[in-house]
Structure formats: C-alpha cells, structure tokens
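Sequence lines, in order, name chains X and F.
Here the first sequence stands for residues 1 to 205, numbered as in our numbering.
Here the second sequence stands for residues 1 to 279, numbered as in our numbering.
Derived by calculation from the structure, the hints in this document are not laboratory data.
Beta carbons: idealized from backbone N, C-alpha and C, even for Gly.
Treat each hint with caution, since some may be false.
As the list claims (entries may be wrong) - Here are the simulated DSS-like cross-link-like pairs (lysine-lysine), alpha carbons at most 30 Å apart as the crow flies:
| id | chain 1 | residue 1 | chain 2 | residue 2 |
| --- | --- | --- | --- | --- |
| 1 | F | K73 | X | K82 |
| 2 | X | K202 | X | K82 |
| 3 | X | K56 | X | K202 |
| 4 | F | K84 | F | K73 |
| 5 | X | K82 | F | K88 |
| 6 | F | K80 | X | K202 |
| 7 | F | K80 | X | K82 |
| 8 | X | K82 | F | K84 |
| 9 | X | K56 | F | K73 |
| 10 | F | K88 | F | K73 |
To be verified - Take a look, some chain F residues computed to stay more than 12 Å from chain X by CB distance:
| id | residue |
| --- | --- |
| 11 | A202 |
| 12 | Q231 |
| 13 | A236 |
| 14 | R244 |
| 15 | Y247 |
| 16 | R251 |
| 17 | L255 |
| 18 | L257 |
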Amino acid sequence: MYFRRFVLGAMTALPMLSLAPLAQAQVSTDAAKAFITTSGQQLVAVVNADTSTSVKAQQLQTLVNQMVAVDNVGAYVLGRYKSVATPDQYTQFQALFHQLLANNITYQIKAFQGIGFTVNGASVVGNDTVVDTTITRPGQAPADVGWAVDEIGGTPKIVDVIVAGTSLRITTRNDYASVITSNGGQVSALLTVMQNKINQIKANQ
Amino acid sequence: MPAMKEAWVLHNRILSVRRGIAAIAAPAVILAGMLSGCAKAPPASDTADYQAYQQQNDPMEPTNRVFYSINDKLDRYAFKPIAKGYIKITTQGIRNHVGDFVTNIGEPGRLIYFAAGGKPRDAGTSLVRFVVNSTVGIGGIFDPATHLGYPETDTDFGMTLAEWGIPAGPYLYLPAFGPSGARDAFSIPVAFFLTPMEAAPASTAMTAFSYSETALHLVNTRAQFMNPIEQVQETALDPYATFRSLYRQSRASQLQLIDQRDTPTVPDWFPQPAAPVTQ
C-alpha cells in the first residue's frame, strides 16, 4: 500500500520525468505558486483541448521547454558520468534526452483526459521551493504532486516533480546510471539504449 | 462426523502450511540470493562505477533480475489480465472502497507496529481509524476517519525495524512479492500473523474470508498500479533499476512520514507552550 500514492501520482506527473537542478537562486513561495498556477493552467488547457494527439504533443513539448530546465535536467541525470563523456557524447546525450522527453509526453497523452489542477501551497525544502498541487482525473483517485521550482537564468523553472516523497529526477538518474554501470561504465552504451528506446516508442505509436 | 473431523484436520493443516511457508519464505529467499548470483563489485579505483555500485547496494543484482524477470512474466500472463478484467467490471469508486476495506483490516497490525516502534501517537491514530471506520465506516468500506483528521499512515514490520535503527540492507527482489530488502523482507511473515483473521477463532468460513480478502487485495492493488507500471515498463531504460529506485525512495519517504505524524501535540484544553521569543 505504501507504493499506492506514488504510482497514482507518478503517471500524472511523468511528462516531467526528469527535471534537474542547476539552480542558482531560490524562488519565493509566492512567486513559485504563481508560476506553477500559470503553468498548470496552460498544461490543463492543452491537455483538455479537443485537438489531435500529435497537436497536443507538439504544444506540450513547447510548454515543457518553457517551464522546465531541460538542459539542466539532462546534466543532472547524467550525473557523475558527465565528466566521463566526451563533448560529442554529451551533445548527443542532450539531443537524445530532449527526444525521449518528447516521446514520453506523447505516450502520456493517451492517459491524460479531463484533468483538473489545484495549487494547495508552497514551502521551502532544501534548496528548492516546492509547490504542492492536487491533480484530478475522471475515474481516478486524486494525485498529490509537488513541483520543485528554482530560478534559472533569471526566471523560475521546474527542476523536479515529487510524488509521495519520490523524486522523478533521482529516479531517472538511477535508471540511466544503471544502464551505464551494466555496460562497464560506457556512456556510449547509454546513448545506444536511449536511441533504441526512442525507436521502440516510435514503433509502438 | 468423520468427514467433518477430516475437514477440520485438513483446515488446520492448511493453516499450518501457510504459516510455515510465510515464516520461511523471506529468509529462504535471502539465503538463496546470498548463495548464488552475487554481482561483482567494480574496483575501488574506478571511482564513478564504484560509487554507483555502493549507492545501489544491490550485491545480489543478477539473482534479483532473474526474479524480476519471472515476476514480470507472471504479471504479464496472470495478474495483469485478471486486473484488467477486474477494472472492466468495477468502477473507481468500488475500487476505492475495496482499498479502504483492505486498509482497515490492516489497522490493528499497524497499531502494533507503531507501538513496537515507539510511535504512540501513530498507534493511537491507527486505533481510532480502526474503531471509527469499522463502525461508522460500515466495516471499513468507507473511510470517515480521514475526514475526521486521522489519515492513514502506512507501516509494516520493516518500518518498525527501521525505527529500531536497523539499516535497510541490500536490495532484494522477491519472487511473487516484488521489491524488498534484507530488513523489509521480514515484514512478510510478520504481516501474515498480524491480521484480525489470524486472531479470530479458526473456522472454514474465516479461512475462506481470509483467502478471498487476500485475493481481492492483490487484484485491487494491481488494478491501481495498472497505468503507472505500464508507463515505467514503456518509458524507463532499465525498468528493474527504476522500480528499485522508486522502492527505496518510497520507503525513506514512508519512514519520514511516520516520524512527522508522531509529533507530540498539546490538546486545546491544556495550557499551550509559549511561542519562541524572536529578537
């Protein structure tokens, strides 16, 4: 049962799967709430719109790029292996990471219909400002989702999604690290697996 | 009469076998893992890989992956189709009530875990939840206790051991049971005994109820996991590692929540402590 809240929330929050912090400054709780409120309304409007899946995916990808520090996310997810990767490998990794995020969003859209979004409050947790929200969907139990926000490049950006105490950026980093360690510490192996995953998701669509 | 006697003997044997299996399952699996399929640690000089290995704390990874693979097939061809059928014939509301019912049956066990772990307020909450939900909540089908300010705080024997200061230990992926750990695996046999059904006088009806409740619990929980599990399997590069990470984070978060909710509170009628002086 201890997993229940996580899994119910995780499916709602997965489009933000890997959101990383290279935060330079903390955002005030009011500013973070305002940012998440606006971002959430935009997301809900796109998801609930009566448009095709491909159009929604495109719009969501644009929104995610605006709201999420995706490049910083990639750096966090690669973690300690960033110093092992060559400049070319790192560039390739970031490109694949963006692509995977886009594919994940497209995959998620199938499960996203008629969602509701409520901002409950915000608090400072460590270096981040976390905004607590409740996401509702018809026929599903409500999911409590926390959005970690930091100021990056002078604007607030989402750096993590927290569901029942589980951080999606940490989960993703562990996922990627496992692939690298299983292949003798080779970043090239991670790139291959990422490309294969992209091909697999495309084939299943 | 002889037939009844035979049935009674059979019933007792079944109970005995169930207890035996539950009691030895977790330690046996741990032993099996220790004896075979240990992962080879990278050299300490290889800093990045060595740190990753230490952080994963999964020395039995090869064995765990075998069990994961078995469970995955079991799930794909048995549990998942059953859960899909269950979803088709039930509504979310029904599934929520089933979840409430199963949760309520677990409250007496939680009370004991909290008490043993030195969490009296959490134990009190479990007691209130069980009393309120079993009565006002019509046998636990509804959860009025949450609305009265007594939300569910989940726990198990693994959490009690954690409160005693026992570390989580190596990660384990158990056949049928799924993600666990050297410490948390002990919660499986203990959970078997700490249910109201075990405390109730033995009878055929109680045995049937116990099996039905277990089956319903499994199917209902699997139904709740349906989409998230599919998503992890579809989008993660290494689903095994992803589930491992989620499990560990979830357990750490659960322990934190138990501690948070056990915070001492002062009743309204009692003189309140003075607010800290700010200078």
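Consistency of the hints with the structure:
| no. | hint | result |
| --- | --- | --- |
| 1 | F/K73 / X/K82 | violated (35 Å) |
| 2 | X/K202 / X/K82 | holds (27 Å) |
| 3 | X/K56 / X/K202 | holds (16 Å) |
| 4 | F/K84 / F/K73 | holds (16 Å) |
| 5 | X/K82 / F/K88 | violated (46 Å) |
| 6 | F/K80 / X/K202 | holds (24 Å) |
| 7 | F/K80 / X/K82 | violated (39 Å) |
| 8 | X/K82 / F/K84 | violated (42 Å) |
| 9 | X/K56 / F/K73 | violated (34 Å) |
| 10 | F/K88 / F/K73 | holds (22 Å) |
| 11 | A202 | holds (26 Å) |
| 12 | Q231 | violated (6 Å) |
| 13 | A236 | violated (5 Å) |
| 14 | R244 | violated (7 Å) |
| 15 | Y247 | violated (8 Å) |
| 16 | R251 | violated (7 Å) |
| 17 | L255 | violated (9 Å) |
| 18 | L257 | violated (7 Å) |
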